[in-house]
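Protein sequence lines correspond, in order, to chains A and B.
Mapping of the first sequence onto the working numbering: residues 1 to 349, in sequence order.
Mapping of the second sequence onto the working numbering: residues 1 to 432, in sequence order.
Simulated from the structure, these hints should not be mistaken for laboratory data.
Glycine included, every Cβ here is placed at the ideal spot set by N, Cα and C.
Mixed in with the good hints there might be a few duds.
Stretch-level coverage of chain A by chain B, calculated; a stretch enters the list once three of its residues show a Cβ under 8 Å from a Cβ in chain B [to be verified]:
id, segment
1, 96 to 109
2, 113 to 124
3, 132 to 141
4, 234 to 240
Below, simulated SDA-like cross-link-like pairs (lysine to any residue); rule was C-alpha separation at most 25 Å, straight line [said to hold, decoys possible]:
id, chain 1, residue 1, chain 2, residue 2
5, A, Lys134, B, Ala394
6, A, Lys235, B, Gly175
7, A, Lys235, B, Ile150
8, A, Lys235, B, Asn143
9, A, Lys171, A, Glu81
10, A, Lys36, A, Glu282
FRET-style restraints, in silico, Cβ to Cβ [stated by the list, open to error]:
id, chain 1, residue 1, chain 2, residue 2, range
11, A, Ser121, B, Ser364, 35 to 41 Å
12, A, Ala307, B, Glu241, 39 to 45 Å
13, B, Ser364, A, Ala163, 46 to 52 Å
14, B, Ser257, A, Ala158, 57 to 63 Å
15, B, Thr218, A, Gln324, 55 to 61 Å
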Amino acid sequence: MTRLALTFLLASSVAVSPLAAATANNADSQTIEYRKQWHSDVLTGYQNLATQGQALSSQAASYCQAPSPEGLEQTKQAWLEAFLAWQQVRFVDFGPVEQGNRAWQFQFWPDPKNLVARKASYLLKDEAPITPEKVSESGVAVQGFPMAEYLLYDQAFANGEEALPAGRSCKLLLAVTRHIADNGQSLANDWQGFQSNYLGSDQYTDTTIRSAMAGLEILEERRLATPMGLRGNGKRSVYSADAWRSEASLAAMGASVQGLKQSFLPAFSKLLTDRKQPDLAEQIAQQFDEVLANFPELDRPMAPLLADDNGYKLLQSLYIDITQLTSLVNDRAAVELGVVRGFNSSDGD
Amino acid sequence: MKTLFRPATLALAVAATTGAGCANTTSPEAADSQPATKMSVVEHYADVAHAGYEDALITAKALNKATDRLISDPTEANMKAAKEAWLAARVPYQQTEVFRFGNAIVDDWEGQLNAWPLDEGLIDYVQADDYQYELGNAGATANIIGSKSINVGGETLDVTNLTPELLANLNEIGGSEANVATGYHAIEFLLWGQDLHGFDPGSGERPVTDYAAGADCTNGNCDRRGEYLDAVTDLLVSDLEWMVAQWAPGASDNYRSQLMAADADEGVQKMLFGMGSLSLGELAGERMKVALEANSYEDEHDCFSDNTHNSHYYNGQGIQNVYTGNYRRVDGSLVSGPSLSDLVAQTNPDLDARLNAQLEASMSALGMMKAKAESSQNPMPFDMMIAPGNAEGASIVNGAIMALVEQTGSIEQAARQLGLEALSPDDAGHSF
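Chain A with its partners taken away, still in its complex shape:
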């Protein structure tokens, strides 16, 4: 069990990399153009996350002020949109998102011991008022999308006494969605502030490519192969996927691929083409579309597909498409560009 959302800034990410070395030889001005584009494309994604986070927070506030079944549905929808906005930029594992474990604050995952439920129960039973400060000091399992998802979607919770719109549960929902909104806004602001660092350092070209590589690896291995029972003990289990409570595991994968296509691929294609690999760039672009062609058909709950062999075939074809994409980017392109995979947080068991 390893929590892949965690990334450490390794000393090696500031070591001399092949791409950096190559540009050092023929003046500095080469890779900065790619980073300009990446910076702008990621900023668009972060701003979308900030906007959707705000919308979620406002929607939760109006729901808790005047609760109704429709309001609950609207709040779930707002949660989903904000969560998918996060999925689009989830691959970025360096820069401001590393500060204060923001990535974990947005999404603590995997959570095999159901820490989210345990923390919710603890906070709701406690006498102390639920405030933004309380949420800030309660650890990452409390602070992000999975906690809001638990309050909005968990079936056992929804049938219990503390189900929304109960007072303390609403207070927790408000505080958590506020925390998400604030984090989204600060992340977008800090990314803007990070611009000169990012553009000024050639190593970030490598770092950005490695973040996409890691994002694809996590997608293929942890988010898809593991719940499909293709790894580890061979057991199919939706609980190994993220967002199983909202049944959005697959939609979230689609969003992550879409996000890579929007925020990573444009500059990456240009880089490959400039390095005399236009065919490979074209193949990768096509493979992104192959993966995305599985959607929106696969914007549906994962559990029934795991339980049924015909449904499972849909997962298999998605898996094959993603494997091919990962192989093109992580093996072929990375080798062409001399980008070496270093240790990351997924090493371990």
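Place chain B on chain A using the hints.
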């Protein structure tokens, strides 16, 4: 060139060198012979692994004896002795974890010995309202000790005879990794019991009468609990015997012979991959960062005994052992020989000095964690360090995490220095 010292040869070697301390460092012939080569470094790595597993076996046998005594004569003194034997057995074993990553044969085997976290309700009684188990685990409350037949996910199993084979087969029953029926943590649970103190001081408080005969028996099924403890400690010993044999020199059909027959680059890569993976992803990440950032004592490694600080400390020691080629055995003797450090120093003494200093810094940060946890005044074990709002504890844990992260960067550089570009786990697992 073989410099693994058994106590018998040690006396001679000590006489021939400085005589400082109780152990020797290098054998006279090795000290001034040819510079280290990748081949000699890999061979010595196998020596260190062999010595480590031998020590794990020696201490596991002592644990087995101590638990046998506890089962036949359940007194407070025998319970205390069994717990002390368990704690002693962890010291060498945790130093061998660095061999897991990169050596598939170890990784495939170790689940039966050291899997965690475990849903202890599979094994014995638990307090229901303070027991959070793995999502979807059908075996989480099976209670093998409490019944002669258990049902996991619709499958009924006869568990009347608690033999080592039966327990081994029950591992990961129902497909859940949290169903850990065997190994150190199962034994830990059988000795300490559930830690119900959360972030507060105190570890598990299993009464020794859980093993008492007749009317004195507490919590029921004391005879079956004793049988379980007997079988699970026997299994630990036989599992370790198997692994010792895999690393033993002079055999033509064990893992060591495969390792030595393969390209030396592969062996060196396994060494560095094991160091980096344990350092970053596993120890700094999974075992410390997750527990700290989520304030989750469920993610604590040795949660029943509150021995987590030692698990971490000796994991770190194992990483340093692989780099320096030095391993301090449980009898106090030192295994020493050609090392990665020697290899790196041949072409980049600065990097070697930096990495050695970083390994020292990690050990000092982990040492601070250990000292704080074992302090005679206001001890702060790991589960208290990670409590919400404990700034002092968080800073101790963070210090250790940062030190491990830093050394991992240099481990990557060492790999490049030695001409090993890809440390990808995919390459590491496939060769054997």
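Taking 8 Å as the Cβ threshold, is the statement that the segment 132 to 141 of chain A is covered by chain B upheld or broken by the three-residue rule? holds (count 5)
Compare the distance between the alpha carbons of Lys171 of chain A and Glu81 of chain A with 25 Å, and conclude whether the hinted pair is satisfied. Holds: Lys171 of chain A and Glu81 of chain A sit about 21 Å apart, inside 25 Å.
Is 55 to 61 Å respected by the C-beta to C-beta distance linking Thr218 of chain B and Gln324 of chain A? 59 Å, holds
So the hint says 35 to 41 Å: do the beta-carbon atoms of Ser121 of chain A and Ser364 of chain B match that? 39 Å, holds
Given the hinted pair Lys36 of chain A and Glu282 of chain A, is their Cα-Cα distance within 25 Å? Holds, at roughly 21 Å.
Determine whether the Cβ-Cβ distance between Ser257 of chain B and Ala158 of chain A falls within the hinted range of 57 to 63 Å. Since the Cβ atoms of Ser257 of chain B and Ala158 of chain A sit about 59 Å apart, the hinted range of 57 to 63 Å holds.
46 to 52 Å was suggested as the range; check whether the CB atoms of Ser364 of chain B and Ala163 of chain A agree with it. 50 Å, holds
If you check the beta carbons of Ala307 of chain A and Glu241 of chain B, does the distance land in 39 to 45 Å? 43 Å, holds
25 Å limit on alpha-carbon distance, applied to hinted pair Lys235 of chain A and Asn143 of chain B: Holds, because 22 Å separates the two Cα atoms, which is no more than 25 Å.
Is the Cα-Cα distance between Lys235 of chain A and Gly175 of chain B 25 Å or less? Holds, because 6 Å separates the two Cα atoms, which is no more than 25 Å.
Are there three or more residues in the segment 234 to 240 of chain A whose C-beta lies within less than 8 Å of some C-beta in chain B? holds (count 5)
Tell me if chain B covers the segment 96 to 109 of chain A under the three-residue, 8 Å CB rule, please? holds (count 3)
The structure is consistent with each of the numbered hints, conforming to all of them.
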